[in-house]
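**Q** Residue numbers (the numbering used here), protein chains in the order written: chain A, -14 to 531; chain B, 3 to 175; chain C, 28 to 132.
Misleading hints may appear alongside valid ones.
Unchecked claim - Chain C side only, calculated, beta carbon under 7 angstroms to chain A, not exhaustive: (1) V54; (2) I91; (3) V94; (4) I117; (5) F124; (6) S129.
As the list claims (entries may be wrong) - Here are the in silico distance ranges between beta carbons for each label pair: (7) C:S92 with A:L503: 54 to 62 angstroms; (8) B:C60 with A:K309: 50 to 58 angstroms; (9) B:G50 with A:K258: 29 to 37 angstroms; (10) B:R131 with C:E77: 31 to 39 angstroms; (11) A:A250 with B:Q43: 29 to 37 angstroms; (12) C:T39 with B:V11: 52 to 60 angstroms; (13) A:E(-9) with C:S92: 35 to 43 angstroms; (14) B:G50 with A:F270: 41 to 49 angstroms; (15) A:D122 with C:V64: 52 to 60 angstroms; (16) C:V64 with A:D422: 51 to 59 angstroms; (17) B:P57 with C:D68: 52 to 60 angstroms; (18) A:K247 with B:G50: 38 to 46 angstroms; (19) A:R194 with B:R131: 40 to 48 angstroms.
Since the hints were made in silico from the structure, they are not lab data. Glycine included, every Cβ here is placed at the ideal spot set by N, Cα and C.
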Amino acid sequence: MYIYDEVDKTLLAERLADFKDQVARRLSGELTEEEFKPLRLMNGVYLQLHAYMLRIAIPYGSLSSNQMRTLARIARAYDRDYGHFTTRQNIQFNWIKLEDLPEVMAELARAGMHGIQTSGNCIRNVTTDQWAGVAPDEIEDPRIFAEILRQYSTMHPEFSFLPRKFKIALTAAPHDRAAIRVHDIGLRIHRNGAGETGFEVVVGGGLGRTPFIGKTIKPFLPKRDLLSYIEAILRVYNQHGRRDNIYKARIKILVHELGAEKFAAEVEQEWLKIRDGVLALDREFIDDIASRFRYPEYESLENGVRLGNPDFERWFRNSTAIHKKPGYQIVTISLKPAGAPPGDATSYQMDVIADLADRYSFGEIRVGHEQNLVLPHVAQRDLPALWRELAAAGLATPNVGLVSDIIACPGLDYCSLANARSIPVAQELTRRFHNLDSAHAIGRLHVNISGCINACGHHHVGHIGVLGVEKNGSEFYQITLGGRADEHAELGTLIGPAVPYEQVADVIEDIVQAYVELRERPDELFIDTVKRIGVEPFKERVYAAH
Amino acid sequence: MPLIKNGRVAEDAFTVADDDTVIADGDSIIVPATRLLADAQDLLRRSGPTGVIWPNNCDVAELEPFLKDLALVALVFPNFRDGRAYSQARLLRERYGYRGEIRATGQVLRDQFLFMLRAGFDAFAVTKRGDADAFAKTLQRYSAFYQPAADRPSVKRGRFRAGEGQLVVKTTV
Amino acid sequence: MTSPLQQKLKITGPVVITANRLSDGAVVYLDANKAWVTRLDDAVVARSAEDAAALLKIANADDISAVGPYVAPVTEAGGVFVPGNLREKIRTSGPTFELPASPER
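Extracted from the complex, chain A is given alone in its bound form (with noise of 0.2 angstroms):
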């Protein structure tokens, strides 16, 4: 976890004197909503079907007990009792005043947390690899260069009003966990031929209504100019992104526009002019970042896990993944129990997952894309009582990576955006998958969904990918197959024509029921399956039952 020092500290809470008086000027009516608008959304506050929605930033996916607890608070005082984790990484209020707004983010500051730059057309959240630091794959802890862009980014007084949202993803594993390649900029932390680290620079991916998988301009690009060439690039975007459009405003159409070579070298020759000046990132000043990551004084233990409950073996070979350090275990807490909305929790359940963080994770939480959470430092020995816990209170489902583990936007219940309703078709779904010995038998499958084109719920990079329209005022819904977000992103593709909301559940059966007749061998991945075969088959069955 960072921990904040006396400049971080200033600016939040200057932030918040600033977004105070801002909310004041807005009530009294001296400022119209034109002109409140993008500010109180570079501060996390949406206007939503029922509500304000408070989007609150947790840098990189990391938490600590003690803000989780603010969280619950805040769910408990503010607001309906529970949030939601977002696909961002970040968590989602949905029933906020803004009158009350001085008042949580106060509380939030007092937690070091806040909602800068959660929306509006700046940076946003920096997101990374939920298990940054402890994964056994990774080169190095990407949090400590995620953070030295999220404070570059923040009230960057060039970038604040680009053309559109800019999101930047990091990775350290060969495993992208992060999903790097559909981001505005990804980042690949890896070691060149000459055993040096630096990142790959991928730019121009991104979802929503014109999916781009992005294009590496920089396969090496070495750890001092990180912020000068980031600098560059969206200095570029900056002054010849476009602005008269907003459904052609991301880097991914200038990229495409220009072209991805003409793209690298614009933002080359800009480069080139400033990467010996102040921004060239030398060791003192990453050393100085870095030493304010507090890491756990882990024990020296030994591997061993005492198997015996076949529901705790279970647990732990779903939801459990291995640890750099011996003798420890990252425990994914999923958050899509069947029939219950997926990524969200109640204020107990906060709670509860702090309470366990304190005792068995050091203090420290994780929050994934995929809307579970993590526990990234558990001693094994540790394991079975934090799966009685976590099972008391309904976290231990153990259905991480499978079908019932689905990731959805809140749709078109919350979200002004929305065409049609995504979390009661992920409801529906968990229900016809909770068996977990069937959904265990399915494999990894993972199934997202999106209530409209901006495409919240990923569903261009799902396995199984669900998009709401409307049609004739009805709900229904377009399915692809074969996205993919790691290493090998790719965007689903288009089975056919949008089937109706009643019918959803039936397709995806079908799609399920098809896979398992279809693939080669029980441990053939559904999407390598619909790599080997295509959509064919599975359009035909889908069509022909319908």
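The hints should help you fit chains B and C onto chain A, whose structure is shown.
**A** Only chains B and C this time, still in chain A's reference frame:
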């Protein structure tokens, strides 16, 4: 439209000339970019100061040859959400070392003053009178910053006060 | 893009003007006294595009009580007006599922 210069409301010493205005030798005028590019020699050799309105979709590199003789560059925010002029201002200050007045025009609102100042603006054609009166107070809002900019080009992150319209201007890094 | 205020309004049935209350984001409707009310029953109903446009203009002029006004369809059912599509139904009744709840203390 009140003008802020040197941190307070001030009289505008300049008038805006269009393509046809007759300009006298001693006049303090601001011309459109087209006129500057067409008549630079004549305009800039006058005794009176010349300024230019530079559109936000034009490259400030084109202005470089004239900067040493230009008293003022007016950059444009067609609406306050269009942030291109921030890049232009920084380039003028930090790349080309421009030391004359950089004036914010267009929709210039209180909540962007500090960004503008940090980007290199030192004069503001403020849209609302109330905002102009609050200028000095607005600058006191923040003392902590996370990135170098035109006002503190050599500091990556730190605590310092944004000046009341006085920029610490450095030449090109 | 033409401003919504200038776009020619077309309606296919009775409509109300709805928005969100500035202070708390609650769903509100314009009533006959140009005030914002929380009950759809109390909303003024327009049956022509001209009337709807006139009401929308009034609503847009008031930036301080309510935000983002627009024209929303209603359906007449047994003498009462109810929301005319799923989105408006959700705005009046809330999400279409049970919200998560902590266990009773």
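**Q** Each hint needs a verdict: does it hold in this structure or not?
**A** Structure-based check of each hint:
1. V54: holds (6 angstroms)
2. I91: holds (4 angstroms)
3. V94: Status holds, d = 5 angstroms.
4. I117: Because about 6 angstroms separates I117 of chain C from the closest Cβ in chain A, which is inside the 7 angstroms limit, the hint holds.
5. F124: holds (6 angstroms)
6. S129: Holds. Min distance 4 angstroms.
7. C:S92 with A:L503: 54 to 62 angstroms: holds (59 angstroms)
8. B:C60 with A:K309: 50 to 58 angstroms: holds (53 angstroms)
9. B:G50 with A:K258: 29 to 37 angstroms: Holds, at about 34 angstroms.
10. B:R131 with C:E77: 31 to 39 angstroms: For R131 of chain B and E77 of chain C the Cβ distance comes to about 38 angstroms; the hint holds.
11. A:A250 with B:Q43: 29 to 37 angstroms: With a Cβ separation near 34 angstroms, A250 of chain A and Q43 of chain B satisfy 29 to 37 angstroms, so the hint holds.
12. C:T39 with B:V11: 52 to 60 angstroms: Holds, at about 54 angstroms.
13. A:E(-9) with C:S92: 35 to 43 angstroms: At 42 angstroms between Cβs, range holds.
14. B:G50 with A:F270: 41 to 49 angstroms: holds (47 angstroms)
15. A:D122 with C:V64: 52 to 60 angstroms: Once the Cβ atoms are compared, 59 angstroms apart, the range 52 to 60 angstroms for V64 of chain C and D122 of chain A holds.
16. C:V64 with A:D422: 51 to 59 angstroms: holds (54 angstroms)
17. B:P57 with C:D68: 52 to 60 angstroms: holds (53 angstroms)
18. A:K247 with B:G50: 38 to 46 angstroms: holds (43 angstroms)
19. A:R194 with B:R131: 40 to 48 angstroms: holds (41 angstroms)
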